[in-house]
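129 is the number of the first residue of the sequence shown in my numbering; add one for each residue after it.
Careful: at least some of the hints might be erroneous.
No more than 20 Å apart at the CA atoms, straight line, and that leaves these computed lysine to aspartate or glutamate pairs for EDC-like [as the list claims (entries may be wrong)]:
1. Lys176 with Glu164
2. Lys169 with Glu143
3. Lys147 with Glu164
Everything labelled a hint here was simulated from the structure, so no lab data went into it. Being a predicted model, the structure only gives us computed values, none of them experimental.
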Amino acid sequence: MVTDIAKFTLRTDAEILKKFRYVADYNGRSANRELEVLMKKHIAEFEKEHGKIIFD
129 MVTDIAKFTL
139 RTDAEILKKF
149 RYVADYNGRS
159 ANRELEVLMK
169 KHIAEFEKEH
179 GKIIFD
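Please build the complete structure, drawing on both the sequences and the hints.
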(Lines of atoms letter the chains of each structure in order from A and count residues from 1; the text may use other names and numbers.)
(Lines give C-alpha, C1' and ligand atoms only; values in the text may rest on other atoms or scores of the structure.)
Protein backbone atom coordinates (compact mmCIF):
# COMPACT_ATOMS: atom_id res chain seq x y z
CA MET A 1 0.00 0.00 0.00
CA VAL A 2 1.37 3.41 -1.00
CA THR A 3 1.38 5.76 1.97
CA ASP A 4 2.74 8.96 0.44
CA ILE A 5 -0.26 9.69 -1.81
CA ALA A 6 -1.96 12.90 -0.73
CA LYS A 7 -5.63 13.62 -1.32
CA PHE A 8 -6.76 17.02 -2.50
CA THR A 9 -10.31 18.33 -2.83
CA LEU A 10 -11.01 20.76 -5.64
CA ARG A 11 -14.10 22.94 -5.83
CA THR A 12 -14.88 24.21 -9.34
CA ASP A 13 -17.74 24.98 -11.67
CA ALA A 14 -19.53 21.87 -12.97
CA GLU A 15 -19.10 22.87 -16.62
CA ILE A 16 -15.35 23.39 -16.17
CA LEU A 17 -15.05 19.94 -14.60
CA LYS A 18 -17.10 18.36 -17.41
CA LYS A 19 -14.87 19.97 -20.04
CA PHE A 20 -11.74 19.01 -18.10
CA ARG A 21 -12.86 15.38 -18.00
CA TYR A 22 -13.50 15.54 -21.76
CA VAL A 23 -9.94 16.79 -22.36
CA ALA A 24 -8.51 14.16 -20.01
CA ASP A 25 -10.42 11.42 -21.84
CA TYR A 26 -9.20 12.78 -25.19
CA ASN A 27 -5.63 12.47 -23.85
CA GLY A 28 -6.31 8.92 -22.64
CA ARG A 29 -6.09 9.87 -18.97
CA SER A 30 -8.33 10.02 -15.96
CA ALA A 31 -9.14 13.50 -14.68
CA ASN A 32 -6.84 12.80 -11.74
CA ARG A 33 -3.91 11.82 -13.96
CA GLU A 34 -4.55 14.80 -16.29
CA LEU A 35 -4.41 17.16 -13.32
CA GLU A 36 -1.20 15.52 -12.08
CA VAL A 37 0.42 15.96 -15.53
CA LEU A 38 -0.60 19.62 -15.64
CA MET A 39 0.70 20.22 -12.10
CA LYS A 40 4.08 18.67 -12.96
CA LYS A 41 4.37 20.82 -16.10
CA HIS A 42 3.47 23.94 -14.15
CA ILE A 43 6.03 23.16 -11.42
CA ALA A 44 8.73 22.47 -14.04
CA GLU A 45 8.05 25.83 -15.72
CA PHE A 46 8.13 27.60 -12.36
CA GLU A 47 11.41 25.94 -11.37
CA LYS A 48 12.94 26.75 -14.75
CA GLU A 49 12.24 30.44 -14.15
CA HIS A 50 12.77 30.67 -10.39
CA GLY A 51 15.06 27.77 -9.48
CA LYS A 52 14.44 24.38 -7.95
CA ILE A 53 12.02 24.23 -5.06
CA ILE A 54 13.73 22.64 -2.07
CA PHE A 55 12.14 21.75 1.24
CA ASP A 56 14.17 21.29 4.42
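Enumerated hints in conflict with the structure, sorted upward: 2
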